[in-house]
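Listed below are the residues making up each chain.
Number of protein chains: 4
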Amino acid sequence: MEGIELTEAVKKEIKPYERGVHYYETDQMGIVHHSNYIRWFEEARSDFLEQIGMPYDKIEEEGILIPVLAVSCKYKSAIRYGDVVHIYLKVTYFNGVRFKASYQVIGKETGVLHASGESEHGFVNRDMIPLRMKKEYPKMYELLAAYVEEEVLDRKKTPNTRS
Amino acid sequence: MEGIELTEAVKKEIKPYERGVHYYETDQMGIVHHSNYIRWFEEARSDFLEQIGMPYDKIEEEGILIPVLAVSCKYKSAIRYGDVVHIYLKVTYFNGVRFKASYQVIGKETGVLHASGESEHGFVNRDMIPLRMKKEYPKMYELLAAYVEEEVLDRKKTPNTRS
Amino acid sequence: MEGIELTEAVKKEIKPYERGVHYYETDQMGIVHHSNYIRWFEEARSDFLEQIGMPYDKIEEEGILIPVLAVSCKYKSAIRYGDVVHIYLKVTYFNGVRFKASYQVIGKETGVLHASGESEHGFVNRDMIPLRMKKEYPKMYELLAAYVEEEVLDRKKTPNTRS
Amino acid sequence: MEGIELTEAVKKEIKPYERGVHYYETDQMGIVHHSNYIRWFEEARSDFLEQIGMPYDKIEEEGILIPVLAVSCKYKSAIRYGDVVHIYLKVTYFNGVRFKASYQVIGKETGVLHASGESEHGFVNRDMIPLRMKKEYPKMYELLAAYVEEEVLDRKKTPNTRS
Numbered sequence: 000m001e002g003i004e005l006t007e008a009v010k011k012e013i014k015p016y017e018r019g020v021h022y023y024e025t026d027q028m029g030i031v032h033h034s035n036y037i038r039w040f041e042e043a044r045s046d047f048l049e050q051i052g053m054p055y056d057k058i059e060e061e062g063i064l065i066p067v068l069a070v071s072c073k074y075k076s077a078i079r080y081g082d083v084v085h086i087y088l089k090v091t092y093f094n095g096v097r098f099k100a101s102y103q104v105i106g107k108e109t110g111v112l113h114a115s116g117e118s119e120h121g122f123v124n125r126d127m128i129p130l131r132m133k134k135e136y137p138k139m140y141e142l143l144a145a146y147v148e149e150e151v152l153d154r155k156k157t158p159n160t161r162s
Numbered sequence: 000m001e002g003i004e005l006t007e008a009v010k011k012e013i014k015p016y017e018r019g020v021h022y023y024e025t026d027q028m029g030i031v032h033h034s035n036y037i038r039w040f041e042e043a044r045s046d047f048l049e050q051i052g053m054p055y056d057k058i059e060e061e062g063i064l065i066p067v068l069a070v071s072c073k074y075k076s077a078i079r080y081g082d083v084v085h086i087y088l089k090v091t092y093f094n095g096v097r098f099k100a101s102y103q104v105i106g107k108e109t110g111v112l113h114a115s116g117e118s119e120h121g122f123v124n125r126d127m128i129p130l131r132m133k134k135e136y137p138k139m140y141e142l143l144a145a146y147v148e149e150e151v152l153d154r155k156k157t158p159n160t161r162s
Numbered sequence: 000m001e002g003i004e005l006t007e008a009v010k011k012e013i014k015p016y017e018r019g020v021h022y023y024e025t026d027q028m029g030i031v032h033h034s035n036y037i038r039w040f041e042e043a044r045s046d047f048l049e050q051i052g053m054p055y056d057k058i059e060e061e062g063i064l065i066p067v068l069a070v071s072c073k074y075k076s077a078i079r080y081g082d083v084v085h086i087y088l089k090v091t092y093f094n095g096v097r098f099k100a101s102y103q104v105i106g107k108e109t110g111v112l113h114a115s116g117e118s119e120h121g122f123v124n125r126d127m128i129p130l131r132m133k134k135e136y137p138k139m140y141e142l143l144a145a146y147v148e149e150e151v152l153d154r155k156k157t158p159n160t161r162s
Numbered sequence: 000m001e002g003i004e005l006t007e008a009v010k011k012e013i014k015p016y017e018r019g020v021h022y023y024e025t026d027q028m029g030i031v032h033h034s035n036y037i038r039w040f041e042e043a044r045s046d047f048l049e050q051i052g053m054p055y056d057k058i059e060e061e062g063i064l065i066p067v068l069a070v071s072c073k074y075k076s077a078i079r080y081g082d083v084v085h086i087y088l089k090v091t092y093f094n095g096v097r098f099k100a101s102y103q104v105i106g107k108e109t110g111v112l113h114a115s116g117e118s119e120h121g122f123v124n125r126d127m128i129p130l131r132m133k134k135e136y137p138k139m140y141e142l143l144a145a146y147v148e149e150e151v152l153d154r155k156k157t158p159n160t161r162s
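Protein chains in written order, with numbering that gives the first Met the number 0: chain R, 0 to 162; chain B, 0 to 162; chain P, 0 to 162; chain H, 0 to 162.
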């Protein structure tokens with residue numbers, strides 16, 4: 000990302016990612032298949048990265064890959080064809096080597112919490128060698144770091160037990 | 000399932016679910032996209048249910064749906080086109096209302112642990128009303144109960160804190 | 000559709016369906032997997048139906064299903080992550096029992112023709128019994144009929160009337 | 000493929016590709032979503048290439064990519080969860096630069112023709128430059144050429160108008 004123009008590392012207001020349902024995402028239970036939420040989380044990450052000024056295609060062009068290390072989702076209320084949801088993403092952890100994001104999938108009209116989830120990611124180069132962002136991509140590090148906030152939804156205690 | 004012939008509730012040896020990679024499951028990182036593991040877990044569940052004598056299409060014909068309540072996956076080592084994996088499923092919890100399964104995705108030839116995960120499920124009728132399997136489908140309850148084992152992989156302590 | 004308010008059967012200007020690429024839609028060739036174009040065609044149909052005032056979820060609520068009878072796609076130029084395309088849909092045939100649509104997938108910025116395709120559809124009720132739209136759903140018939148245009152693309156005469 | 004051992008260019012009997020339905024492949028119409036047939040065709044191609052001794056992962060390792068140039072499918076009879084189908088693939092055209100395959104999707108137990116389709120492919124290197132197989136990969140050329148048969152299903156006349 001050092002080769003492209005980054006906005007200054009000031010936290011902007013992030014809009015939730017809006018998503019309708021594609022017919023092919025439903026299953027014969029008449030609801031969105033659970034695996035698609037994991038894909039929607041990825042879409043929300045892409046949208047977030049674009050909103051903060053470092054779209055993922057540009058990140059990959061810089062030679063940085065951000066593989067998924069872990070993912071989880073809790074399904075609260077089914078989503079159906081015709082529904083529109085907002086996905087709220089928060090960066091809940093970032094230490095320059097890994098980051099975690101949380102997701103809340105909420106009905107646009109209804110305000111219903113359909114699902115919540117988390118994902119964890121590393122930064123690697125094309126040879127899958129881990130990158131230390133602070134040292135190797137300091138601007139990107141600063142930018143992403145500006146968005147870290149402690150996840151407080153659905154929880155009472157500090158979630159990050161990693162160090 | 001009460002309408003179909005079930006095998007007696009004796010625990011059979013379950014074979015792991017074998018799976019190659021479809022080209023369309025890879026992404027431009029050159030690896031199987033992480034969302035597909037969640038789909039493979041579902042395939043492994045279907046295979047397990049078929050092995051124990053109650054295939055999921057027959058379960059649905061009985062009017063029982065088994066929606067996913069939660070799912071998680073930890074990715075340890077990428078899977079590539081040409082790889083073949085074995086997915087080991089264990090039923091780690093079942094109380095007649097919910098059950099949990101764990102998954103280990105292991106290279107068929109290599110023995111490498113590619114990923115591990117969990118899923119949690121309920122039993123509902125077509126109106127999405129929860130079912131109490133012990134009372135309403137006692138044979139199916141007994142059969143599934145025979146396969147519950149405590150998950151010990153990747154953990155030091157008893158995982159199930161639900162009651 | 001007869002139960003919902005339809006706009007009058009006047010042909011409105013239809014905007015192309017705009018679509019970015021999701022990472023999970025790429026394959027290890029580094030391009031959007033060809034099967035996804037078929038899904039994008041479906042998205043473009045949904046978008047078209049919504050633009051003309053009869054969204055597909057409402058159509059299904061009326062008890063009308065529109066299964067796909069045939070689909071085809073010619074791939075001219077790969078689409079990559081980061082690209083944005085416009086899909087131009089035309090209704091090329093409609094006789095009250097079946098309809099056909101054509102699709103042109105064109106780079107939003109580049110104007111490049113990435114792919115063109117066709118699909119054919121019937122109208123059935125929930126028991127998969129064919130419906131005669133003119134008789135059974137006259138308003139919907141009129142509305143859809145207003146959008147039929149002869150397909151001239153991929154033929155000998157100048158197809159692109161776009162400017 | 001010249002770097003790997005190929006079987007001699009003698010046409011073996013090819014077994015149809017057997018495929019059950021994954022739950023996530025169904026849609027809310029209660030049938031396999033039409034886009035998945037296109038994916039199954041790809042699976043059938045992979046299976047065919049493996050049966051004739053040149054698995055596609057090995058082909059790609061040799062630096063040969065086989066992108067899809069066109070695909071089509073006609074849907075005759077829905078496929079449902081619990082069904083098992085056989086996909087019969089025939090190579091209907093091959094001139095060293097392009098090849099075409101046809102597919103018939105037939106119920107394993109029922110013999111019902113669920114769908115038929117075609118695909119067309121080129122051979123390119125990693126820079127997407129077309130390859131002339133006869134000259135550059137003569138053994139692979141001979142092997143694939145041995146399997147060409149004229150497609151006669153669903154047609155009265157010779158289909159290949161390309162030269």
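Think of the hints as simulated: they come from the structure by calculation, not from any bench. Be aware that a few hints might be false.
To be verified - Label pairs and their computed distance ranges (CB to CB):
{"id": "1", "chain 1": "B", "residue 1": "P129", "chain 2": "P", "residue 2": "E12", "range": "45 to 51 Å"}
{"id": "2", "chain 1": "P", "residue 1": "M127", "chain 2": "B", "residue 2": "K133", "range": "36 to 42 Å"}
{"id": "3", "chain 1": "H", "residue 1": "I13", "chain 2": "B", "residue 2": "E60", "range": "51 to 57 Å"}
These figures come from a predicted structure and were not determined experimentally. Don't be surprised by glycine CBs; every beta carbon is placed ideally from N, CA and C.
query = Checking against the hints above, which ones are violated?
reply = Those not satisfied come down to hint 3.
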